[in-house]
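> Make the complex out of the two chains shown on their own, each in a separate frame, by following the hints.
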Amino acid sequence: MADKIFEYAPAPESRAVVSIRPEYGLFIDGEFTEPTDARITTVNPADEEELATVSVADEADVDRAITAARRAFETVWGPMAPAERGKYLFRISRIIQERARELAVLESLDNGKPIKETRDVDIPLVAAHFFYYAGWADKLAHAGLGPSPRPLGVAAQVIPWNFPLLMLAWKIAPALAAGNTVVLKPAETTPLTALLFAEICQEAELPPGVVNILTGAGGTGRALVAHPGSDKVAFTGSTEVGREIARAVAGTDKRVTLELGGKGANIVYDDAAIDQAVEGIVTGIFFNQGHVCCAGSRLLVQESVAEEVLERLKARVSRLRLGDPLDKNTDIGAINSAAQLARVRELAQVGEEEGNERWSPACELPDRGFWFAPTVFTGVTQANRVAREEIFGPVLSVLTFRTPEEAVEKANNTPYGLSAGVWTEKGSRMLWTANRLRAGVVWSNTFNKFDPASPFGGYKESGYGREGGRHGLEAYLNG
Amino acid sequence: MAKSRKNEGNESVAKDDGAARGEGVVAVTARPKVPAAPKRPSADLARRAAAHVPAGRLAVRKTYKLYVNGAFPRSESGRSYPVTSADGTHLANAALASRKDARDAVQAARKAFGGWSQRTAYNRGQILYRVAEVLEGRRAQFVQEVVDADGVDRSLAESLVSAAIDRWVYYAGWTDKIAQVAGGSNPVSGPYYNHSAPEPTGVVAVVAPQSGPLLGLVSVVAPVIAGGNTAVVVASERAPLAAVSLAEVLATSDLPGGVVNILTGRTAELAPPLAAHADVNALDLTGANDMAAGLEEAAAATLKRVVRPEPAPDWFADPGLSRVTPFLETKTVWHPIGI
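Protein chains in written order, with UniProt numbering: chain A, 1 to 479; chain B, 1 to 339.
Bear in mind the hints are in silico, worked out from the structure with no lab data behind them.
All C-beta atoms in this analysis are idealised placements derived from N, C-alpha and C, irrespective of residue type, glycine included.
Honestly, I wouldn't trust all of these hints.
[Said to hold, decoys possible] Quick look at which bits of chain B chain A covers, simulated, 3 or more residues with Cβ under 8 Å: (1) 189-196; (2) 222-235.
[Claimed, not checked] Capping the alpha-carbon separation at 25 Å, the derived lysine to any residue pairs in SDA-like fashion look like this: (3) 449(A) <-> 270(A); (4) 111(B) <-> 413(A); (5) 410(A) <-> 301(B); (6) 100(B) <-> 136(B); (7) 116(A) <-> 189(B); (8) 410(A) <-> 427(A); (9) 449(A) <-> 312(A); (10) 116(A) <-> 191(B); (11) 449(A) <-> 193(B); (12) 111(B) <-> 197(B); (13) 328(A) <-> 384(A); (14) 116(A) <-> 336(B); (15) 177(B) <-> 364(A); (16) 410(A) <-> 445(A); (17) 426(A) <-> 339(B); (18) 111(B) <-> 404(A).
Just chain B, with the same shape it has in the complex (with noise of 0.2 Å):
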């Protein structure tokens, strides 16, 4: 316990976002001092819980809202529908959000888009990896999500969760090599110089796998943030819970507000009003199944990039960059050598 205490303290101190990395290093060398080991709890310590906490606590059950602007609020429509597990156990109500939900929601993927864009690709990547940190300390919880609304054991579950906090870490390694390795000089034959660089495209809607609530779902997010993206993401329909804990996750690890926005509800009345807004870049039908062509065909009104559902992802295979690339845009600088 105090060994890992004093881990934690280590994390806490470099992990600082946007800090300078000398900043980081410094703060290496100055370690917090060891805390003495707790003493043992008093058999009058339990002897009072006892007498506090009835055995048969009711437990406080989690409203599950979405989350737009970096908010958590509920439908505007009021609406909420039953999620159930696997084998059908009623596990919780979620929001089911309504079109006007989703237009407010591209607003504020709009607005957060400037701020996010124009961060540097080494400060994306910091907060990339605190998600994956603070999804780490929640792992008992993600697992438990993962096994009641899939039904998979408990260390498949571990194996899901352990594959998408990596995830996280994956894009965090990524956001600064990107522009490297998809732009650079172009050898132009006139005195010129001429440079491309990726850049984002803008607000991609996303519509998450309708299986893999976690893995599946940080699959598909975590590559359009990490390009400088916003996102709105319909969750799961069958399996929402998972996408409304990440929020949480995503709430609390300096992601700004409005760079990722969660709705959950009915695929089919979510996805065509995202795929026709006029003020949407791009569009990830992952989860749209047999919706696809009906969106992608709503989508050429405004010209907006497309990725197609894949028969059978594979969320456990190398992702590369082929969620990241069909999300940014090239842009070429031309200017003339002289003296």
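So here's chain A without its partners, still in its complex pose (with noise of 0.2 Å):
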């Protein structure tokens, strides 16, 4: 009987909302071109369904869409006046919201995330990053950076497929707000909300070449960052491919933003709400299958604890649900590619290669599709390679520590800073322990929270610059 209890009937969200076209051409000023011969065939990471082909921009194409984005910004939007930027922008995040759920059902397809995670956090999240940043178009003389701040021109941006979406706005929208126009990369193998984007662009009735979208793989990534036309790069995606843009934009005049990898660590003191803990600790390391920069992939948890954490752990993990991205019941979905379930798989090998001792809860995966159980490690230490290394899916690493100093030490011990958190009930503690993390995002009694309002960025080898509230216009903007 008290299996039964968890046991919930499917309720899977309706495929209807969405249309998808067979194949999609290039979004360069203002309108879909005729695909390339070149193409990339997105699939559904849940079942492997074959969703669309995209083409494979080339640098003819780079150098149009390049081309469309510097007139749009000598002609139109450079000029125009700052209000009116604003309310493209605002009109933009109602499009959003009014296509809230199409948005979602479409990112849950072709990303392989919940769609309780899609529908409640990305894009909710997209939208309201757009509504914050259209309010800050006619205000940049208060932005701090001096009287009449200019924006840069145009900017090259590629973003990674974790948050499709999420991150195509948090590209997008600073950028406009700050007078600049764009020509941005999606993944490749993500490309379809991107696309919709642009369909949202043209309904909005945003200028054309203001907004360009080039789909793609690396090397269409590469173009774009070595096309000498653009003012700006930024970069979300991993630390190794930030350093290649690192120096390929060395030397140039060109400003660059870089958000990349994390080995973010969550540290729980004895002294801490445990079960309140290890919600966050779940939440740190599987949210978004654990296809998340800022995860908190590594748990620091106070010696004496320990056994209590781990075992109230290990019984919450259990209860998760992993399984068809579409139904609302899900908690965990698909990975989002063989190459991704590769890595993932290959990091996991090498924990237990090195000893550490492996976890999973019963769990059935699907027949078809990129899956993984939910994995944690006890037992690691700060020289496993599942301790140093980003691994990107849900596998969570566990350490130990005896006093906050050693939690701190430990912490920092990494070459990335992107994120951290801190769990205590004692307030100075948690400012003592906050203040010396070297982690541009610290959350205390909560992890993976976002807002178009926080900034967010790393220290280290996470990339430099910030994205969201005032902090995120800097990148768009010469004081």
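Written out as structure tokens, the structure is:
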């Protein structure tokens, strides 16, 4: 009987709200081009169904998009009254709200993340982000960057697959509000919501060339970053590619912001509210299948409560529901791609080989698609690869500590510095710890919270620049 | 003379770094007694001086060394190089620092970072102000060094030194205002307290401008440490002597050892290992000139924050926070609100 209490009937969200075209061209100068000869097939990672083919932009396409963006910057968007620019962004924000369910379903189909997250987190944050920056457009003189800050010009933007439309919003909203025009490349495996966003730009009657969307893979991204016609490069993705981009723009006048990898520490002190901490640990690592650069992938738990925390954590993880991303009950969806699944599997294998204890709940994985059960490694030391490398999957490494000094020392013992968590009921200890953590975002007694008004970005090799809030404007303005 | 000594007395009590503001106020009221005017030197004293100090006395020259970890070592390589004035006259031999010296300097800067960054902003401000005080007291020496190095006339050199002193005062006043100007609370949509504050990025390698041996140097070093970072500075290759003299000022201004480390030598030899060093967080390439692109490329391997050189920086202009914020990180802290 007790087993049956938590069994849920399937509650799938309808796909009818979405219509996917069989093939897509590039979005340049306000129009979709004819599909190119080179194509990528994008699949639903939950069942490997082919969703559509998208075009692969080459150097000539990049050049045309940059040219269109430059012309739009010089003739329309730059000269436009700032309040009018803001109104376009407000309009886009409203259309995103109106078409929120359609975007949420499409995002879940293309990415594999649960509809619960796309519906309640991703898409509402996208609308909020455009609404937030819309209001800045005619208030830039108050941003603390001088009395009359100027836009940079054309921004080349490359985004990852983990939060496809949200990362697009983080890039496009501040750029446009500050008066720049953009050429954006969505990730190879998740292009569909960016292409739907292009249709939303048309619906909002955004002037042609202000937003250009180029689909493709790494080659397209490299061509976009290397094109001499942009004034700014903004990238979110792996630290490895971030280094490549930093090298590519060295010696140019281009401004750069990079939001890269992380290996976030989540510190649980012995006086923490354990049940709340357990929820936070679960959110920290299993939100979005762990495909989160700021995930709390290293749990640092004080030795005196480690046993209790682990016991309750395992009980909680055993209750997570893994399966159909479109099912409203689903907590854990599909791994985004076969390549990412291979990477997660490989690092989990290394974890075992290095002698860490591996645990997963009894968990049935679907036959088709890319799936990985939530996994916890215990007995992990700082030297182990699962404690050092970003796995970018639902894999938690558990380490212990005795003193607050040791917790901080271990938390900071990484070349990354994006996020960290602190769980304690004692305010002074929380502030003491937060003060010493070398990370751009510190969540105390919570985790993985995002807001358009809250600056986000890393220390050290997690990149530079901030997105969100007043700080996010600095990346797109000259004081 | 008596009057100026009285003023010094007041300042020496009030400046007491780290003292509570209240103590300073009390001290000002306790004025020291005005000493009696000194007697005129007697003819006898002048006669004895003439007898003991020869007219053509040989001056004691200074050995220009490096400044690392609060000490003045020679280069571990044992090398030096001749430094000449603008007209080619030999001025001194400066230490020709090696890659090893650069690594030692990074180590010193890293060691000093924890303490310096955790000091109160008020205390950092007091120390920066103290640097201005000590520099003012040695202005004649610096004026001469600027005249020698740049071949400028004395009145321009006076202005350059004055501006350099005032720049320390400027940044002394910034230290405890940066966090309010660059940070604040964020109105997030939910029951959370959310706050952003700037923090120093860590160890900053500074390639000082090749011209502007004092004002240019101060203009790039002061903002880095005002924000709580520690610095490894590659002094102007052509005109490094004022940098070494500035190190003497820093060493006597309560600035903890290792907060600023100054290397003299070949920029082409010292800048590349600093740009590639994994324990350096940021690079100021102001004086790197045509090496800048290569150094920025080397810095990409560890994703250092990089300030590129400007074509023709105007060191007299108000810098605002333009040289402070590139070396700051923004940390955002969330906490739930509830009962």
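> Each hint: holds or not?
Going through the hints against the structure:
Check on the stretch 189-196 of chain B: 5 of its residues sit with their Cβ under 8 Å from a Cβ of chain A, so the three-residue criterion for coverage holds. For the stretch 222-235 of chain B, the stated coverage by chain A is not satisfied: 0 residues place a CB nearer than 8 Å to a CB of that chain, which falls below the threshold of 3. Only pairs whose Cα atoms come within 25 Å are accepted, and residue 449(A) paired with residue 270(A) is accepted, the gap being roughly 23 Å. Using a Cα cut-off of 25 Å, the hinted pair residue 111(B) and residue 413(A) holds, with the two alpha carbons roughly 16 Å apart.
Restraint check: the Cα-Cα separation between residue 410(A) and residue 301(B) comes to about 23 Å, which is no more than 25 Å; the hinted pair holds. Using a Cα cut-off of 25 Å, the hinted pair residue 100(B) and residue 136(B) is violated, with the two alpha carbons roughly 34 Å apart. Taking the CA atoms of residue 116(A) and residue 189(B), the gap is near 19 Å; set against the 25 Å cutoff, the hint holds. For a cut-off of 25 Å, the pair hint linking residue 410(A) to residue 427(A) stands: about 21 Å separates their Cα positions.
Distance restraint check for residue 449(A) and residue 312(A): the Cα-Cα separation of roughly 23 Å lies within the 25 Å cut-off, and the hinted pair is therefore satisfied. For the proposed pair residue 116(A) and residue 191(B), the alpha carbon gap of about 21 Å is at most 25 Å, so the pair holds. Of the pairs offered as hints, the one joining residue 449(A) and residue 193(B) holds, with about 12 Å between alpha carbons and a cut-off of 25 Å not exceeded. Straight-line distance between C-alpha atoms of residue 111(B) and residue 197(B) comes to about 23 Å, which keeps the hinted pair within the 25 Å bound.
The straight-line distance between the Cα atoms of residue 328(A) and residue 384(A) is roughly 37 Å, outside the 25 Å bound, and the hint therefore fails. Between the alpha carbons of residue 116(A) and residue 336(B) the distance comes to roughly 22 Å, so the proposed pair stays at or under 25 Å and holds. Taken as a hint, the residue 177(B) and residue 364(A) pair is broken in the structure, with Cα atoms around 57 Å apart against an allowance of 25 Å. For the hint pairing residue 410(A) with residue 445(A), the CA-to-CA distance comes to about 19 Å; that is within 25 Å, so the pair holds.
For the proposed pair residue 426(A) and residue 339(B), the alpha carbon gap of about 14 Å is at most 25 Å, so the pair holds. For the given pair, residue 111(B) sits about 21 Å from residue 404(A) by alpha-carbon distance, which is consistent with the 25 Å threshold.
Hints 2, 6, 13, 15, counting from the list given before, are not met by this structure.
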